[in-house]
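Residue 117 in my numbering is what sits at position 117 of the sequence shown, and the numbering runs on without skipping anything.
It should be emphasised that the hints constitute simulated quantities derived from the structure, not laboratory data.
Hints are all accurate, no fakes.
The following label-pair restraints were derived from C-beta to C-beta distances:
no., residue 1, residue 2, range
1, Gly133, Arg67, 37 to 43 Å
2, Ala23, Pro80, 19 to 25 Å
3, Glu21, Ser119, 18 to 24 Å
Even glycine gets a Cβ: it sits at the ideal position worked out from N, Cα and C.
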Amino acid sequence: LGKALSPFRAGADKLAIVRPELAGEGVIHLASPAFANGARLPDRFTADGEGISPPLFWTGVPEGTARLVLIVEDPDAPTPQPVVHAIVWGLPLDGDLKEGDIAPDDGSGPDGEDVGRNSRFVEGWLPPDPPNGHGEHNYAFQL
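Given only the sequences and the hints, what does the whole structure look like? Please build it.
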């Protein structure tokens with residue numbers, strides 16, 4: 001099935017980060033000690049492994065920023081819109097998330113941050129699990 005769906009992808013042009021109403025000013029540096037930007041997401045953070053959320057850290061939040069929201073999406077999903085793997089808001093302006101901080105189904109982050117519903121309508125981390133044979137998938141971690 002994945003191979004048959006391989007030409008179908010939501011597209012990076014539908015990511016939250018490109019929506020004008022969500023645009024911010026400045027550049028926030030978001031990274032993970034577990035994988036490099038553009039690298040394959042290690043199995044431990046996917047349905048092929050432990051399925052836990054990866055560690056993340058950020059710096060360079062523009063002055064005057066009131067709150068941060070993290071949205072993790074898969075623009076390569078064979079769906080009309082990118083698959084949402086996590087939405088977390090109320091994050092500290094200069095901070096991080098440890099490995100597994102976004103629980104798979106309890107609706108809260110490590111320090112009381114709010115966790116929204118993913119594409120499976122569950123509050124928490126949705127481990128990436130693309131269809132077999134669909135090809136490589138990229139995951140957009142957006143602040």
